[in-house]
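> Since the structure of chain A is already known, use the hints to place chain R on it.
Number of protein chains: 2
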Amino acid sequence: MPTTTLFVKMILDRWYASIVNCDVLLHSLTDETLQKEIAPGKNRGIYLLGHLIAVHDDLLILLDMGEKLYPELNEPFIKSPDKTVAQLPAASELRSFWTKQSEAIKQKFENMKPEEWFEKHTAVTTEDFEKEPHRNKLNIVVTRTSHLQYHLGQLQLLK
Amino acid sequence: MPTTTLFVKMILDRWYASIVNCDVLLHSLTDETLQKEIAPGKNRGIYLLGHLIAVHDDLLILLDMGEKLYPELNEPFIKSPDKTVAQLPAASELRSFWTKQSEAIKQKFENMKPEEWFEKHTAVTTEDFEKEPHRNKLNIVVTRTSHLQYHLGQLQLLK
Numbered sequence: 001m002p003t004t005t006l007f008v009k010m011i012l013d014r015w016y017a018s019i020v021n022c023d024v025l026l027h028s029l030t031d032e033t034l035q036k037e038i039a040p041g042k043n044r045g046i047y048l049l050g051h052l053i054a055v056h057d058d059l060l061i062l063l064d065m066g067e068k069l070y071p072e073l074n075e076p077f078i079k080s081p082d083k084t085v086a087q088l089p090a091a092s093e094l095r096s097f098w099t100k101q102s103e104a105i106k107q108k109f110e111n112m113k114p115e116e117w118f119e120k121h122t123a124v125t126t127e128d129f130e131k132e133p134h135r136n137k138l139n140i141v142v143t144r145t146s147h148l149q150y151h152l153g154q155l156q157l158l159k
Numbered sequence: 001m002p003t004t005t006l007f008v009k010m011i012l013d014r015w016y017a018s019i020v021n022c023d024v025l026l027h028s029l030t031d032e033t034l035q036k037e038i039a040p041g042k043n044r045g046i047y048l049l050g051h052l053i054a055v056h057d058d059l060l061i062l063l064d065m066g067e068k069l070y071p072e073l074n075e076p077f078i079k080s081p082d083k084t085v086a087q088l089p090a091a092s093e094l095r096s097f098w099t100k101q102s103e104a105i106k107q108k109f110e111n112m113k114p115e116e117w118f119e120k121h122t123a124v125t126t127e128d129f130e131k132e133p134h135r136n137k138l139n140i141v142v143t144r145t146s147h148l149q150y151h152l153g154q155l156q157l158l159k
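Protein chains in written order, with full-length UniProt numbering: chain A, 1 to 159; chain R, 1 to 159.
A few of these clues could be false.
One copy or two, it doesn't matter: identical chains are merged, so the pair holds either way.
Here are the simulated lysine-lysine pairs, DSSO-like style, with alpha carbons at most 30 Å apart [claimed, not checked]:
1. Lys-68 x Lys-79
2. Lys-137 x Lys-79
3. Lys-83 x Lys-108
4. Lys-106 x Lys-79
5. Lys-36 x Lys-113
Hint data in this document are derived by calculation from the structure and do not stem from the laboratory.
Extracted from the complex, chain A is given alone in its bound form (with noise of 0.2 Å):
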């Protein structure tokens, strides 16, 4: 297996691992405890869920790969903190989002070719895409693979 092939497999297999055990802990939650905060005083459930849908929605445009699925998730749940907005989506609703968006990077990831993972994204200019070549497509997805199990290790707290 060529090197650049073998390192983009390592990096998309750790994303879509993070992926099926989000999957496998929602399924294990019911919309009731999704409502409930993670520790006394802390996110609930499911604003950690509407967070990591609108991340990776952000994604997709970092990436460049199309338009967001969800952009009214931007302010409910990356600008404004959990429990300041009087109305939020019904975790049923939030739960059809996260499978149908995660299919969708799937297949878009699944289009991309070893060596276009290494091109800049979008977030970086030309001149520094130059002298910082680690600043790609990929990173992009090793740093939201950070951010996903960050917020499953809390998710996890509501089994």
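Same frame as chain A, but now just chain R:
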């Protein structure tokens, strides 16, 4: 920059940044706070800190980088769940272990040539590695960074 060097940098950067995240968080928490549960009935901060050190000691073994620094932590922080072991090390002691271990790991990582990261780790057979070359040393760092982020999300709740 040769591509292999770039791959390795992307992964190690994420590891080091996660270690720094943990350092900063630990500095912001008192020893008293570390004795608290991250959520009612869940693991205590001190348990998670000991657990991370024990898991990172295992990483040294998997990467064939010499002996564990604190083998005595395996029993209380990996084999045993929290609150089942009568006497755990003091928080101050674990903090010192954490710092020394992170520094030791950094030195060992810096001594690796980029290609060496793509050699097999110690828990995979030569036969399996031929079929699954992604089971290399660098991939151990990928998965352990995920693990660290997962527990960082939990430790953060002590703030």
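> For every hint, state whether the structure bears it out.
Hint by hint, here is what the structure shows:
In this assembly of identical chains, the alpha carbons of Lys-68 and Lys-79 lie at most 30 Å apart only when taken from the same copy (16 Å versus 44 Å across copies). In the homo-oligomer, the alpha carbons of Lys-137 and Lys-79 lie at most 30 Å apart inside one protomer (24 Å), although the nearest pairing across protomers, at 39 Å, exceeds that limit. For the identical chains of this complex, Lys-83 and Lys-108 are neighbours neither inside a copy (33 Å) nor across copies (45 Å), given an alpha-carbon limit of 30 Å. Only within a single protomer do Lys-106 and Lys-79 lie at most 30 Å apart by alpha-carbon distance; the minimum there is 26 Å, versus 36 Å between protomers.
Proximity of Lys-36 to Lys-113 under the C-alpha cut-off of 30 Å is found in neither arrangement, the shortest distances being 42 Å within a copy and 48 Å between copies.
Comparing the model with each earlier hint shows violations of hints 3 and 5; every other hint is respected.
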